[in-house]
Every structure is written in C-alpha cells, then in structure tokens.
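Chemist: As a plain string of letters, each chain reads:
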Amino acid sequence: MHAPNCDIHIYISPDGTYPLHPGDIVRSHPGWQEGDALPEGWLEVECELPEEMPTARFEEGADELVDVPIALIFWTQELAYRDDDPTRPYTKWSSEEEVPMRADPHPADGPLY
Amino acid sequence: MSFRQDRTNPSTAVSNWEGRSETPKGHPSTAISTWINGGLFSTGGDNWVWKWFTQGVSPGSDPGTKCYAMRYQVNAGDDFLWLFLSGGQATATYLNMTTLEFAGNCQVSSVYNMRNVTGLYFTSWFGSSAVGGFGYYISGSNYYANWNEGFSPSSPTTLPANYGTLYWTLNYPYYTVPSYTTQNAQMGYPGSGDDARYFAVINSHGGFYGAGVASINMNSGSGATANWGRTLYRSSWYVEPMGMYSLGNNSSGYTYLCLGCRYYSSQTVVNMYKLNNSSGTISSDTGYGDTNYVPWPSAMELSNHDAADHFYVQTHSRSSSTTYNHGHMLKFSAALGLTWQRRVQPGSPTTDLTTLGQVAADSDGNVFGMFRSYDTQTNSGTARDRIWIVKWDKAGTYQWHRALYQTRATGGYAMNVDAAECTPDGDLLLGISGTDATQGFQGTFFFKGDGSGAGTFNLNTGVDIKYDDSLVLNESAGALPWAASGSTSSGSPSISYSQASTQSMTPNDRVKTDF
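Which chain is which? The protein sequence lines are A and B, in order.
When we follow our numbering, the leftmost residue of the first sequence carries the number 1, and every step to the right adds one.
When we follow our numbering, the leftmost residue of the second sequence carries the number 1001, and every step to the right adds one.
None of these hints come from the bench; they were simulated from the model.
Check each hint, because a few of them may be wrong.
[Unchecked claim] Computed beta-carbon distance windows for the label pairs:
1) Asn1075/B / Thr87/A: 54 to 60 Å
2) Asp85/A / Thr1407/B: 56 to 62 Å
3) Glu98/A / Ser1279/B: 31 to 37 Å
4) His29/A / Asn1075/B: 38 to 44 Å
5) Asp1393/B / Val99/A: 45 to 51 Å
6) Gln1399/B / Pro39/A: 19 to 25 Å
7) Thr1281/B / Val99/A: 46 to 52 Å
As the structure is a computational prediction, the values presented were derived from the model and not from experiment.
Even for Gly, the Cβ is constructed at its ideal location relative to N, Cα and C.
Kindly generate the complete structure, drawing on both the sequences and the hints.
Modeler: Next up, the structure:
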C-alpha cells in the first residue's frame, strides 16, 4: 500500500458547497493562487489522515496477490469540525471491515449500473 | 477541423461565401457535392462538413468496422487524421484533411479479429517515424494484449508518406491476459527518443483482478525485453485500467494511470497513479469515491496548456443521496492534485447518465465530456441512446452542451462515440457508431468549428440524427469525496515477442455521403 499523504487541498465555499478545490477558487477569484490568503468566506479543510490505510487484512504470512484476505477494509472520509473549534473543518476518516465475498468480482457485460 | 481557407481557395475568404452556391469552390480538384454538407444546419451552417459511413452492418454485430481510435497529426503540407479501425482485422488508415480523401491504409495486425485498438500514438523508433496502437485478440481461451507498431521503411523520416500503398513492418510483443474478461488494454505514449513502451492490462489473480502495468524495451526491433512490471490492485476488487499516458523519457518521465476500482456494486473508486518510468515505483496517487458516491471512470485525456500537463478524467456515479446517476468531469494537475470537478445530469426528463469511453481536450485546455442517457420517455415508449456532449473551459466554467440522438418515432436505438479528437484549432472530431431498427452503421463525423452548432441531418435511409441545443442538462459542482489508495506489487511482466513479415494493403474505397 502506498502511504497516504495530505497532498490535497479541499475547500468550502462561502455558500457551504463542499468539496471544492483550488480551481474552484480560481474560477470565482481569478488570479488567486495556492498559498495566497483565502478569499473572504472560503475555508480550507484541514487534512487529517490515519498513519496507514490498508484496504485488506490478511493472515500472517499470506500472499496478498494469491490468498483471500480475512477482511476487506473500506475507508470513508467525511467533513467534520474540531470539538474545540467548530469553525475548523477537517477530513475525518473512518473504516469498516467486511468479510470478502468469494464470487468473481468481475462485472457482467454491460454498464456498471 | 477548421476549414483551412489557405488550402482551398487562397483568393477568397471562405467565410464570405454564400452557403451552398459557392461551396464547390472549397476544393478545386474534388466535386464538392460529394463531400461538403449541402444541407448545412438551420442555425448557421457552421457545423458538420463531412461524414464517412459504412452501412448495412447487422445490428449488434461485433466488431464490425468501427473506428476505435483517432489522432490528428499536424504534418508538413497537409494534416492527417489517423484512424484505427477494427473489423476482421485491425487496420490503420489516414485521411488527408485538405482533400478529405483517404490517403492510405494498411493492415496493422495479421491477427484475425483484432479488437478495440486503443492508444493510437506517434513515435520515433530508432530514427524512423512510426504509428502504433494497442489492441487485443483472442486465441483459444486466451486473450492477448497486442501492441503494434509499424513504419514505412521506404520513407523513414516522414510519416505519413502520401502514397496509396503502405508497406509496414509489424512488430508486436504480446502479453497474455486472463480469459473471461472483456479486455480493456490501454496504451501509454512512449518516452521521447526512448526505446521503451508502456502498457496496462487487466490482470487476473484468481479471486480478483488488478491492473498489470508493464514497461518493455523494443531493443531496436531485435526482441522485446521487460523493464519492469507492477500490479495495482485491491484484494477482492475488480481493477481495470481506463486511461494511460507515459510522458517524458524512460529515465525521468512518468506514467499516469486512471483506474476504475470496483467491489461489486457496493463501492467504487477512481484511482489515479503516477509511476516513475524508470522503475514503475509510485511517485504519487490519489482517489475519489466511497460507498455513497460510487463513481466509475471511462476515459482520461491529457491536455498540455499554460506550459503544464493536466489530465481530465470522465466518470459517472451513482449516489445513495440522489435519485439519478450523474456524469462527472475531474481535472488533475501533473502532481495529481484535483484542480476542480463538475457534474451534470439531464433534466426534462431527468434520467440516469453514464459516460462514454471518450473525452477530448484541445490545446487551450477546453474539454469535451461525453455522456449517455437511455431515454424511454420521449420516443413513443421506445428506448434509445442520447449522447450528451458538454464543453468546459480550462477553469471548469461550463460553456455549452448538445444532445446527439436518432429521431425516428420508433426504433432508432443505440449510438456510441467510439473515438474523439480535437484538432490544434480546437475543433471536435467524432467517430460514432450505432444501430437503428434494421441495420447498424458506423460513421465518422467532422465538426467544422468547435461543435457548438445545432441541427438535423439524414443519417441513412429513414434515419435522422439530431444535434440538439434545446434539451436541459443541469451542471453543478462535483461531489466526489476523497478516497483511500489501493495496493501495489512489483514483478516482471510476462512478455512474448514476435515479428510478422512486411505486409502491404491497397486502400479501400470509402463512401462519402452527402447530408
């Protein structure tokens, strides 16, 4: 697994739209660049990540490319606010584990949905 | 393609001509009535100018003669449009964009039933110019990802040579991929001046599928060897390469991949990877999607503008918080930072939206997204495809949308955009195919202008195509959430290599039809 990092910038616009990105600020404020002070009303969402974000859990000694994992780990990120400062949004990650299905995950012919 | 006035009649400005009466001036050596749009469109006529069709294809026939890839080539003298066609064999042909005549074609694979040739590109291979492509074929129970590259030995410095018969040497390493899958091999661009080539295929690991990425070295045609191989995967998931570009050289360049990652239908993620060309190790990666927003990518497009590389990724998504599926366009920087994302959804009637496997971008950074709805409400109860083309500028500002569909009261079913390309002038070229009630068709449409016109034209007997600017498409900020990355492994790719004999093929007649 590649180590997760916070090379990402997510913003909330003055009307509360989330998630937005650097280009969204530039579109509404031409000339703005990353590193500049945010335009009035915009908030940057602080990046917070777990140290590791594995997507599966295996028995010790298992070959990840061959063996079926004990559990799959699904990560979900949501917008949250600091308990001590409700004006500071951050990325809050949570995970759920699930026993993998054994059926072939290959999609059937046709569109995914 | 914009109408090149300097190449047609230098004494007159085409823009001053009076519609049909003066269009024969367009090319003095060709009967314009055979190719120019006599009817034009009702809203100004600055739209379609040419089409090429094969008709009478049986509905549902596969693969037929379909244009799977196209690349516009600026050439000294006349520009060319290269088309990769798949039928009983894979054929590359090129169209002279001044005369709108096919200038030559050749068989690029001796393999019967070569399919889905993608990743058409130009390269320089030990001093010779070449055009290559990547497709797959089936032999017995195995699928082979087959990489082709050919060149004209009689004209080693200029491609294409404008003569009717090409002689190509075929060199194709091939990579055995799992059976029981619809292979979606993607080809990266080769590094400038390098002998390395890069590709990605679906790779089976028994209980799941990953994206196998490989770098191979052509060794100046003396036998391919593997540089490195890597699998990008999520255990128990299905991972498919949906787009790929290799930029820079083999020592300091990067290979970019867009992956569709799916765990059944409960969760999907769009993953972007930036790999070092030298070793295949990960330089950076990112992803979008979760169990609520379930996106699936269909295409990735490079756009170099403002002295930097950018990547557009087109997806659609299902969301538990919305009634209908959306289409999305995402723009990434070369560092894989998400610059912006936008989404669209048809209205009046509101329907689900999926994406097509094509997206086009011009040198100014404008991007043309291509989506599809399956409309059962406005065609007398008969379902049919409706193609939506949406243009954003480089900043993500919505420009316009158009809907492309058949207009028969009954029948008139499927349409697809199989290939798309922008010219350096920002004009949009589309290769489309489909079926109506009685027969299939494949065609290549050429926009004169940027595709913003509208109108109706006859497709073939009894079938009209409408290019419509009146239907509602709602556009808004994107909503795909940041997602976790997948896993990777390293290893050596399994590469086999063969070299076919030189082959020749005389150009076939192509039918140009007025409309």
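Chemist: Against the range 31 to 37 Å, how does the distance between the Cβ atoms of Glu98/A and Ser1279/B compare: consistent or not?
Modeler: 34 Å, holds
Chemist: Given the hint of 45 to 51 Å, is the C-beta distance from Asp1393/B to Val99/A inside that range or not?
Modeler: 47 Å, holds
Chemist: Holds or violated: the 54 to 60 Å window for the beta-carbon distance between Asn1075/B and Thr87/A?
Modeler: Roughly 58 Å apart at Cβ, these two residues keep to the hinted range, so it holds.
Chemist: Does the hinted range 38 to 44 Å hold for His29/A and Asn1075/B at CB?
Modeler: Once the Cβ atoms are compared, 42 Å apart, the range 38 to 44 Å for Asn1075/B and His29/A holds.
Chemist: Does the Cβ pair Gln1399/B, Pro39/A satisfy 19 to 25 Å?
Modeler: With Cβ atoms ~24 Å apart, the hint holds.
Chemist: Indicate whether the distance between the beta carbons of Thr1281/B and Val99/A respects the range 46 to 52 Å.
Modeler: 32 Å, violated
Chemist: I want to verify a distance hint. Is the separation of the beta carbons of Asp85/A and Thr1407/B within 56 to 62 Å?
Modeler: 58 Å, holds
The structure fails to meet hint 7 from the earlier list, while all remaining hints are met.
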